[in-house]
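**Student:** The whole structure should be built from the sequences, with the hints applied where relevant.
In my numbering, the protein residues as written are 13 to 264.
FYI, nobody ran anything at the bench for these hints, they're computed from the structure.
Bear in mind the structure is a predicted one, so any value in this text is a computation, not a measurement.
Take these hints with a grain of salt, some might be off.
Claimed, not checked - Have a look at the derived ranges for each label pair, beta carbon to beta carbon: (1) 237 with 166: 35 to 43 Å; (2) 35 with 71: 34 to 42 Å; (3) 82 with 46: 19 to 27 Å; (4) 233 with 75: 37 to 45 Å; (5) 263 with 31: 16 to 24 Å; (6) 231 with 193: 15 to 23 Å; (7) 91 with 138: 22 to 30 Å; (8) 175 with 227: 18 to 26 Å; (9) 179 with 46: 30 to 38 Å; (10) 117 with 41: 37 to 45 Å.
In this text, a Cβ means the ideal position worked out from N, Cα and C, and glycines have one as well.
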Amino acid sequence: MVFPPGQGKSGDYLMALWRHYLQEYAEREGSVESQVLVAANHSAEIFGFFSLSLDRDGRYRSIIDQRITYFTEGLRRAASFEDRLVNATFALYNHMNTLSQQFTQGNAESQELIRQVGEQVSLRTQSGGPIGRSAAAIRASFPLLGLMTLVLDRGQLMTSGIRHVEQRFVAGEEHATSEWQYLLNSLYRLVEMLQIFVTLSDQELRDQVQQIASRFQEEDQILDLMSKLRNGFCRLFELVHLVATHLDAILS
13 MVFPPGQGKS GDYLMALWRH YLQEYAEREG SVESQVLVAA NHSAEIFGFF
63 SLSLDRDGRY RSIIDQRITY FTEGLRRAAS FEDRLVNATF ALYNHMNTLS
113 QQFTQGNAES QELIRQVGEQ VSLRTQSGGP IGRSAAAIRA SFPLLGLMTL
163 VLDRGQLMTS GIRHVEQRFV AGEEHATSEW QYLLNSLYRL VEMLQIFVTL
213 SDQELRDQVQ QIASRFQEED QILDLMSKLR NGFCRLFELV HLVATHLDAI
263 LS
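**Tutor:** Rendered as C-alpha coordinates:
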(Lines of atoms letter the chains of each structure in order from A and count residues from 1; the text may use other names and numbers.)
(Lines give C-alpha, C1' and ligand atoms only; values in the text may rest on other atoms or scores of the structure.)
Protein backbone atom coordinates (compact mmCIF):
# COMPACT_ATOMS: atom_id res chain seq x y z
CA MET A 1 0.00 0.00 0.00
CA VAL A 2 1.02 3.64 -0.38
CA PHE A 3 1.42 5.09 3.10
CA PRO A 4 0.36 8.66 3.95
CA PRO A 5 3.38 10.96 4.40
CA GLY A 6 4.85 11.17 7.88
CA GLN A 7 3.71 7.75 9.08
CA GLY A 8 7.13 6.23 9.77
CA LYS A 9 9.44 6.68 12.75
CA SER A 10 11.28 9.44 10.86
CA GLY A 11 8.08 10.95 9.50
CA ASP A 12 8.49 14.27 11.30
CA TYR A 13 12.00 14.69 9.92
CA LEU A 14 10.93 13.80 6.38
CA MET A 15 7.97 16.18 6.44
CA ALA A 16 10.17 18.95 7.84
CA LEU A 17 12.74 18.32 5.10
CA TRP A 18 10.02 18.57 2.47
CA ARG A 19 8.65 21.82 3.93
CA HIS A 20 12.15 23.26 4.17
CA TYR A 21 12.77 22.39 0.52
CA LEU A 22 9.57 24.14 -0.58
CA GLN A 23 10.21 27.16 1.62
CA GLU A 24 13.81 27.67 0.49
CA TYR A 25 12.81 27.17 -3.13
CA ALA A 26 10.07 29.81 -2.85
CA GLU A 27 12.34 32.26 -1.04
CA ARG A 28 14.80 32.09 -3.94
CA GLU A 29 12.23 32.81 -6.63
CA GLY A 30 13.93 34.76 -9.40
CA SER A 31 17.36 33.19 -8.88
CA VAL A 32 17.60 29.95 -10.84
CA GLU A 33 21.15 29.28 -9.61
CA SER A 34 20.01 29.51 -5.99
CA GLN A 35 17.11 27.15 -6.68
CA VAL A 36 19.52 24.68 -8.30
CA LEU A 37 21.50 24.65 -5.06
CA VAL A 38 18.37 24.25 -2.92
CA ALA A 39 17.38 21.15 -4.88
CA ALA A 40 20.93 19.75 -5.10
CA ASN A 41 21.57 20.19 -1.37
CA HIS A 42 18.25 18.63 -0.40
CA SER A 43 18.98 15.74 -2.78
CA ALA A 44 22.27 15.14 -1.00
CA GLU A 45 20.53 15.19 2.38
CA ILE A 46 17.77 12.76 1.41
CA PHE A 47 20.25 10.35 -0.18
CA GLY A 48 22.14 10.29 3.12
CA PHE A 49 18.93 9.53 5.00
CA PHE A 50 18.02 6.78 2.53
CA SER A 51 21.40 5.14 2.98
CA LEU A 52 21.07 5.26 6.77
CA SER A 53 17.56 3.78 6.56
CA LEU A 54 18.86 0.74 4.69
CA ASP A 55 21.75 0.25 7.11
CA ARG A 56 19.73 -1.84 9.54
CA ASP A 57 22.73 -3.57 11.14
CA GLY A 58 24.90 -0.45 11.34
CA ARG A 59 27.61 -1.88 9.11
CA TYR A 60 27.98 1.33 7.10
CA ARG A 61 27.01 3.80 9.83
CA SER A 62 30.46 5.30 10.36
CA ILE A 63 31.12 5.98 6.66
CA ILE A 64 27.61 7.38 6.14
CA ASP A 65 27.99 9.69 9.14
CA GLN A 66 31.41 10.76 7.89
CA ARG A 67 30.02 11.63 4.48
CA ILE A 68 27.15 13.59 6.00
CA THR A 69 29.69 15.51 8.09
CA TYR A 70 31.81 16.31 5.02
CA PHE A 71 28.72 17.62 3.25
CA THR A 72 27.66 19.76 6.22
CA GLU A 73 31.15 21.22 6.58
CA GLY A 74 31.21 21.93 2.85
CA LEU A 75 27.96 23.88 3.16
CA ARG A 76 29.66 26.21 5.62
CA ARG A 77 32.89 26.63 3.66
CA ALA A 78 31.75 26.92 0.05
CA ALA A 79 31.05 30.48 -1.11
CA SER A 80 30.60 30.43 -4.89
CA PHE A 81 27.83 28.71 -6.83
CA GLU A 82 30.37 26.40 -8.45
CA ASP A 83 31.95 25.30 -5.16
CA ARG A 84 28.55 24.75 -3.56
CA LEU A 85 27.54 22.61 -6.51
CA VAL A 86 30.72 20.55 -6.16
CA ASN A 87 29.90 19.98 -2.49
CA ALA A 88 26.37 18.79 -3.27
CA THR A 89 27.27 16.61 -6.25
CA PHE A 90 30.09 14.85 -4.44
CA ALA A 91 27.83 14.22 -1.47
CA LEU A 92 25.40 12.63 -3.94
CA TYR A 93 28.14 10.49 -5.44
CA ASN A 94 29.48 9.46 -2.03
CA HIS A 95 26.04 8.35 -0.84
CA MET A 96 25.43 6.57 -4.14
CA ASN A 97 28.73 4.75 -3.63
CA THR A 98 27.61 3.58 -0.20
CA LEU A 99 24.14 2.62 -1.42
CA SER A 100 25.56 0.57 -4.29
CA GLN A 101 27.73 -1.32 -1.79
CA GLN A 102 24.70 -1.92 0.42
CA PHE A 103 22.69 -3.25 -2.52
CA THR A 104 25.44 -5.54 -3.84
CA GLN A 105 26.98 -6.73 -0.59
CA GLY A 106 28.84 -10.00 -1.14
CA ASN A 107 28.92 -9.74 -4.96
CA ALA A 108 32.58 -9.54 -5.97
CA GLU A 109 31.88 -8.52 -9.57
CA SER A 110 29.69 -5.62 -8.50
CA GLN A 111 32.18 -4.51 -5.88
CA GLU A 112 34.88 -4.42 -8.56
CA LEU A 113 32.68 -2.21 -10.75
CA ILE A 114 32.13 0.15 -7.82
CA ARG A 115 35.90 0.31 -7.26
CA GLN A 116 36.55 1.06 -10.95
CA VAL A 117 33.98 3.86 -10.92
CA GLY A 118 35.77 5.34 -7.91
CA GLU A 119 39.07 5.28 -9.80
CA GLN A 120 37.48 7.07 -12.75
CA VAL A 121 36.20 9.82 -10.47
CA SER A 122 39.68 10.30 -9.03
CA LEU A 123 41.22 10.57 -12.49
CA ARG A 124 38.58 12.99 -13.77
CA THR A 125 38.93 15.32 -10.81
CA GLN A 126 42.72 15.63 -10.90
CA SER A 127 42.48 18.46 -13.40
CA GLY A 128 39.88 20.95 -14.53
CA GLY A 129 37.58 23.35 -12.76
CA PRO A 130 34.68 22.93 -10.34
CA ILE A 131 32.06 22.29 -13.03
CA GLY A 132 34.23 19.48 -14.37
CA ARG A 133 34.38 17.99 -10.87
CA SER A 134 30.62 18.24 -10.47
CA ALA A 135 30.17 16.59 -13.86
CA ALA A 136 32.56 13.80 -12.83
CA ALA A 137 30.58 13.14 -9.65
CA ILE A 138 27.22 12.91 -11.40
CA ARG A 139 28.64 10.91 -14.32
CA ALA A 140 30.02 8.39 -11.82
CA SER A 141 26.71 8.20 -9.98
CA PHE A 142 24.86 6.94 -13.04
CA PRO A 143 26.44 3.45 -13.37
CA LEU A 144 26.06 2.95 -9.62
CA LEU A 145 22.35 3.71 -9.74
CA GLY A 146 22.06 1.47 -12.79
CA LEU A 147 23.69 -1.35 -10.84
CA MET A 148 21.28 -0.88 -7.94
CA THR A 149 18.30 -0.82 -10.30
CA LEU A 150 19.38 -4.08 -11.92
CA VAL A 151 19.60 -5.65 -8.46
CA LEU A 152 16.00 -4.60 -7.76
CA ASP A 153 14.82 -5.94 -11.13
CA ARG A 154 15.02 -9.57 -10.04
CA GLY A 155 12.21 -10.61 -12.36
CA GLN A 156 13.80 -8.71 -15.27
CA LEU A 157 10.52 -6.87 -15.80
CA MET A 158 12.24 -3.56 -16.53
CA THR A 159 15.42 -4.74 -18.22
CA SER A 160 14.57 -3.11 -21.55
CA GLY A 161 13.77 0.19 -19.82
CA ILE A 162 17.04 0.09 -17.90
CA ARG A 163 19.03 -0.63 -21.08
CA HIS A 164 17.22 2.18 -22.90
CA VAL A 165 18.27 4.73 -20.28
CA GLU A 166 21.83 3.37 -20.38
CA GLN A 167 21.86 3.85 -24.15
CA ARG A 168 20.62 7.42 -23.75
CA PHE A 169 23.43 8.05 -21.27
CA VAL A 170 26.06 6.78 -23.73
CA ALA A 171 24.58 8.81 -26.58
CA GLY A 172 24.62 11.94 -24.43
CA GLU A 173 28.25 11.32 -23.50
CA GLU A 174 29.17 11.04 -27.16
CA HIS A 175 27.45 14.31 -28.09
CA ALA A 176 28.52 16.41 -25.09
CA THR A 177 31.03 19.14 -25.93
CA SER A 178 31.34 20.85 -22.53
CA GLU A 179 31.45 19.92 -18.85
CA TRP A 180 28.02 21.53 -18.42
CA GLN A 181 26.60 19.18 -21.05
CA TYR A 182 28.23 16.15 -19.40
CA LEU A 183 26.67 17.24 -16.12
CA LEU A 184 23.21 17.77 -17.57
CA ASN A 185 23.19 14.50 -19.52
CA SER A 186 24.21 12.50 -16.45
CA LEU A 187 21.70 14.28 -14.20
CA TYR A 188 18.82 13.69 -16.60
CA ARG A 189 19.69 10.03 -17.00
CA LEU A 190 19.85 9.71 -13.21
CA VAL A 191 16.30 11.03 -12.98
CA GLU A 192 15.12 8.61 -15.68
CA MET A 193 16.83 5.63 -14.03
CA LEU A 194 15.52 6.65 -10.64
CA GLN A 195 11.97 6.54 -11.95
CA ILE A 196 12.54 2.86 -12.75
CA PHE A 197 14.27 2.26 -9.41
CA VAL A 198 11.42 3.74 -7.36
CA THR A 199 8.78 1.87 -9.36
CA LEU A 200 10.65 -1.41 -8.86
CA SER A 201 10.90 -0.75 -5.13
CA ASP A 202 7.09 -0.86 -4.92
CA GLN A 203 4.71 -0.98 -7.87
CA GLU A 204 2.13 0.97 -5.85
CA LEU A 205 4.35 4.04 -6.18
CA ARG A 206 3.95 3.98 -9.96
CA ASP A 207 1.29 6.72 -10.11
CA GLN A 208 3.33 9.10 -7.96
CA VAL A 209 6.42 8.39 -10.04
CA GLN A 210 4.44 9.17 -13.17
CA GLN A 211 3.36 12.52 -11.73
CA ILE A 212 6.99 13.44 -11.11
CA ALA A 213 7.95 12.20 -14.58
CA SER A 214 5.26 14.38 -16.16
CA ARG A 215 6.55 17.43 -14.30
CA PHE A 216 10.07 16.53 -15.43
CA GLN A 217 8.96 16.54 -19.07
CA GLU A 218 6.94 19.74 -18.71
CA GLU A 219 9.77 21.75 -17.17
CA ASP A 220 12.24 20.43 -19.72
CA GLN A 221 10.54 22.63 -22.32
CA ILE A 222 12.57 25.55 -20.94
CA LEU A 223 15.66 25.85 -23.08
CA ASP A 224 18.33 27.44 -20.87
CA LEU A 225 20.80 25.09 -19.23
CA MET A 226 20.50 26.38 -15.67
CA SER A 227 16.72 25.87 -15.67
CA LYS A 228 17.26 22.34 -16.93
CA LEU A 229 19.69 21.68 -14.08
CA ARG A 230 17.08 22.98 -11.64
CA ASN A 231 14.51 20.64 -13.16
CA GLY A 232 16.85 17.67 -12.84
CA PHE A 233 17.85 18.25 -9.23
CA CYS A 234 14.27 19.01 -8.16
CA ARG A 235 12.97 15.77 -9.64
CA LEU A 236 15.92 13.88 -8.15
CA PHE A 237 15.02 15.09 -4.68
CA GLU A 238 11.31 14.39 -5.12
CA LEU A 239 11.88 10.82 -6.31
CA VAL A 240 14.28 9.89 -3.52
CA HIS A 241 12.10 11.59 -0.92
CA LEU A 242 9.18 9.50 -2.19
CA VAL A 243 10.97 6.16 -1.89
CA ALA A 244 12.67 7.10 1.40
CA THR A 245 9.34 8.10 2.97
CA HIS A 246 7.72 4.88 1.77
CA LEU A 247 10.58 2.77 3.10
CA ASP A 248 10.49 4.57 6.44
CA ALA A 249 6.81 3.72 6.84
CA ILE A 250 7.39 0.07 5.92
CA LEU A 251 10.33 -0.40 8.30
CA SER A 252 8.69 1.38 11.26
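**Student:** Now tell me, hint by hint, if it's right for this structure.
**Tutor:** Each hint, compared with the structure:
1. For residue 237 and residue 166, the Cβ-Cβ distance of about 38 Å falls inside the hinted range of 35 to 43 Å, so the restraint holds.
2. A hinted range of 34 to 42 Å holds for the C-beta pair residue 35 and residue 71, which are about 35 Å apart.
3. At about 22 Å, the beta-carbon gap between residue 82 and residue 46 stays in the expected band of 19 to 27 Å.
4. Residue 233 and residue 75 have their C-beta atoms about 40 Å apart, which keeps the hinted 37 to 45 Å range intact.
5. Taking 16 to 24 Å as the suggested C-beta distance range, the pair residue 263 and residue 31 conforms, at roughly 22 Å.
6. Taking the beta carbon of each, residue 231 and residue 193 are about 18 Å apart, inside 15 to 23 Å as hinted.
7. Between residue 91 and residue 138 the Cβ separation comes to about 23 Å, which falls inside the hinted range of 22 to 30 Å.
8. In this structure, residue 175 and residue 227 meet the distance hint of 18 to 26 Å, their C-beta atoms being roughly 25 Å apart.
9. For residue 179 and residue 46, the hinted distance range of 30 to 38 Å is satisfied, since their beta carbons lie about 34 Å from each other.
10. Between residue 117 and residue 41 the beta carbons are some 43 Å apart, a value that agrees with the proposed interval 37 to 45 Å.
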